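Novice: The lines below spell out each chain.
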Amino acid sequence: MAMELKNLLVIDDEAPILEMLEMSLASEGYHVLTAESGSHGLQVFKQHRPKLVLTDIKMPEMDGIEVLKRIKTMDRDTEVIVITGHGDMDSAISAIRHGASDFITKPIRDEILMLALERAKEKVRIHQQLRDYTENLEEKIEVCKVELKRAEAELIKNERLASIGETVAGLAHYIKNILTGLRGGMYMVNRGMAGDKPKMLQDGWAMVQRNIEKVSQLVLDLLQYSKDRVPERSMCRPNDIARDAMDLFQEKAGLHGIVLKAFFDEGLEEAYTDQEALYRVLLNLISNAIDACIFDPDTGKAWEVVLRTTLEEQNGQGRLVFEVSDNGTGMTDEVKAKLFSRFFSTKGGQGTGLGLLVTQKIIKELGGEISVDSTEGQGTTFTVRLDLQTPADHAPGVDER
Amino acid sequence: MSKRVLIVDDEPDIVTFLSAVLEENGYTSTSAKDGVEGLEALRREKPDLVLLDLMMPKKSGIAMFQELRKDPELSHIPVVVVTGVSEVTGVDFRNFMYKQPLKDEKKFAETTGLTKYTIPDGYVEKPIDPDELIKAVKKALKE
Ligand SMILES: Nc1ncnc2c1ncn2[C@@H]1O[C@H](COP(=O)(O)OP(=O)(O)O)[C@@H](O)[C@H]1O
Ligand SMILES: [Mg+2]
Numbered sequence: 001m002a003m004e005l006k007n008l009l010v011i012d013d014e015a016p017i018l019e020m021l022e023m024s025l026a027s028e029g030y031h032v033l034t035a036e037s038g039s040h041g042l043q044v045f046k047q048h049r050p051k052l053v054l055t056d057i058k059m060p061e062m063d064g065i066e067v068l069k070r071i072k073t074m075d076r077d078t079e080v081i082v083i084t085g086h087g088d089m090d091s092a093i094s095a096i097r098h099g100a101s102d103f104i105t106k107p108i109r110d111e112i113l114m115l116a117l118e119r120a121k122e123k124v125r126i127h128q129q130l131r132d133y134t135e136n137l138e139e140k141i142e143v144c145k146v147e148l149k150r151a152e153a154e155l156i157k158n159e160r161l162a163s164i165g166e167t168v169a170g171l172a173h174y175i176k177n178i179l180t181g182l183r184g185g186m187y188m189v190n191r192g193m194a195g196d197k198p199k200m201l202q203d204g205w206a207m208v209q210r211n212i213e214k215v216s217q218l219v220l221d222l223l224q225y226s227k228d229r230v231p232e233r234s235m236c237r238p239n240d241i242a243r244d245a246m247d248l249f250q251e252k253a254g255l256h257g258i259v260l261k262a263f264f265d266e267g268l269e270e271a272y273t274d275q276e277a278l279y280r281v282l283l284n285l286i287s288n289a290i291d292a293c294i295f296d297p298d299t300g301k302a303w304e305v306v307l308r309t310t311l312e313e314q315n316g317q318g319r320l321v322f323e324v325s326d327n328g329t330g331m332t333d334e335v336k337a338k339l340f341s342r343f344f345s346t347k348g349g350q351g352t353g354l355g356l357l358v359t360q361k362i363i364k365e366l367g368g369e370i371s372v373d374s375t376e377g378q379g380t381t382f383t384v385r386l387d388l389q390t391p392a393d394h395a396p397g398v399d400e401r
Numbered sequence: 402m403s404k405r406v407l408i409v410d411d412e413p414d415i416v417t418f419l420s421a422v423l424e425e426n427g428y429t430s431t432s433a434k435d436g437v438e439g440l441e442a443l444r445r446e447k448p449d450l451v452l453l454d455l456m457m458p459k460k461s462g463i464a465m466f467q468e469l470r471k472d473p474e475l476s477h478i479p480v481v482v483v484t485g486v487s488e489v490t491g492v493d494f495r496n497f498m499y500k501q502p503l504k505d506e507k508k509f510a511e512t513t514g515l516t517k518y519t520i521p522d523g524y525v526e527k528p529i530d531p532d533e534l535i536k537a538v539k540k541a542l543k544e
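Going down the list, the sequences are from chains A and B.
Per the numbering used here, the first sequence starts with residue 1, numbered consecutively.
Per the numbering used here, the second sequence starts with residue 402, numbered consecutively.
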């Protein structure tokens, strides 16, 4: 028995009961402190801080519930067991509501009392473990933060990157998830090789690759965001880019019961634009749309994500429109307001909050615009508009917008 | 026959990893990716143990755990919580821990109409350490 769990305070106004309890508990190896009133009990508690308290409910002057409440405000990890009169369910319920760990009824039977104490001790231990555990985690996160800060210090070359510091914790969590994936994959590769289990080896290797891919994406996103890029334009086919982006998500969508639909405008043939950058934009929008369905608690819905391309004509100028719609969670006004801010994510460790930021930046660099329409609980549509352009628009002497 | 473990986690990588660790130690496993699926799988498969993530889309691990403990058909199944960090989880976790167990849960529920959740049978933090995990599993299974 841990030292501090030996100390036990017993409070009862009836001297014979107090004596009897003291005797039987001492014989079980407890160091018993006694008090014959609530207020005396609190005094003893303050002095010795036992982790276990046993108190009668019905006492003159200060009753057991009051004792319980005060002890819980002083140290909520202390386990208080109350003693109630036979059939007094009301007091028992009231005590439990105020945080008593258990109740026993008079006449007190030794084995029931010991059982209650064992359970209370187990709980004290769990609380302690939980506290150690929380402290431990905080330490680990601190280490992670320090590491990231160091990396960041090397990276800060301009204002934009300085903002990483603001939400380093969110990123730390995201990176931690990646680390878990990498470690898990390595474990499986090792075990798979040692035990000659090709399936485990294969799965482990795929896991390592997937997580390395995640890190590369994160780095790409960070670079994409930190550098001013001049788009690398070429003649390309927007519908093909859209199809490639969509194909990448078929498996994930299927896994979560989400239907992907494509409506491509056949009139849309070529555009002079940055193929890689556009592909990134679509990946970001589609992955968000899929997440919105995955996170949607309304399981009655038939989720779908629709990708639509359209050729728009305005004043003789052709415009390329991408539309990504989902019928997932939709957004609250609060989310809508923060959507494009740095590192804003509602996805905990699963999101970086970089996707839309990068998306917006790319579209700005391409001279286009992005808009969003969303209703909470119903779904969201993101629309991207870009001028089609030709190489002539970018001949020497013509400014990039 | 080897004991069957149900893994409930939304991260496919974690599921793959956990099931590999379990397999290496002689357990078999199935998985579900959120609390809703998790409860369905529980009712269908009646596993010997559940490994439960707390933060998941649709139905959180906490909500699922509470439902499990309320259901007399399922309440005996031991649950080991496997949790990552986030402030949100931290807060929920603590609240959740402070719900105090009762002596005779069933009788209490019947006489008062109140329900009561006992605390889970183990905790493992992410990133997951295989040895720690197996220790927690063994303890929860009383092996
Ligand atoms: N289609 C959508 N439906 C609902 N919410 C969305 C959608 N797209 C983006 N969001 C919200 O905007 C946030 C920021 O998105 P993003 O910048 O891509 O970061 P991340 O996806 O990493 O969280 C998301 O966390 C989510 O809350
Ligand atoms: Mg995103």
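There may be inaccurate statements among the hints.
What the hints assert, rightly or not - Straight-line C-alpha distance at most 30 Å; calculated DSSO-like pairs for lysine-lysine: (1) Lys-347(A) to Lys-459(B); (2) Lys-176(A) to Lys-106(A); (3) Lys-6(A) to Lys-540(B); (4) Lys-539(B) to Lys-471(B); (5) Lys-336(A) to Lys-459(B); (6) Lys-121(A) to Lys-536(B); (7) Lys-199(A) to Lys-227(A); (8) Lys-121(A) to Lys-539(B); (9) Lys-404(B) to Lys-199(A).
FYI, nobody ran anything at the bench for these hints, they're computed from the structure.
Treat the numbers as computed from the prediction; the structure is a model and nothing was measured.
Novice: The structure should be examined with respect to each hint, and the outcome stated for every one.
Specialist: Consistency of the hints with the structure:
no.	hint	verdict
1	Lys-347(A) to Lys-459(B)	12 Å, holds
2	Lys-176(A) to Lys-106(A)	53 Å, violated
3	Lys-6(A) to Lys-540(B)	24 Å, holds
4	Lys-539(B) to Lys-471(B)	24 Å, holds
5	Lys-336(A) to Lys-459(B)	21 Å, holds
6	Lys-121(A) to Lys-536(B)	21 Å, holds
7	Lys-199(A) to Lys-227(A)	42 Å, violated
8	Lys-121(A) to Lys-539(B)	21 Å, holds
9	Lys-404(B) to Lys-199(A)	21 Å, holds
Checked against the numbered hints above, the structure violates hints 2 and 7; every other hint is satisfied.
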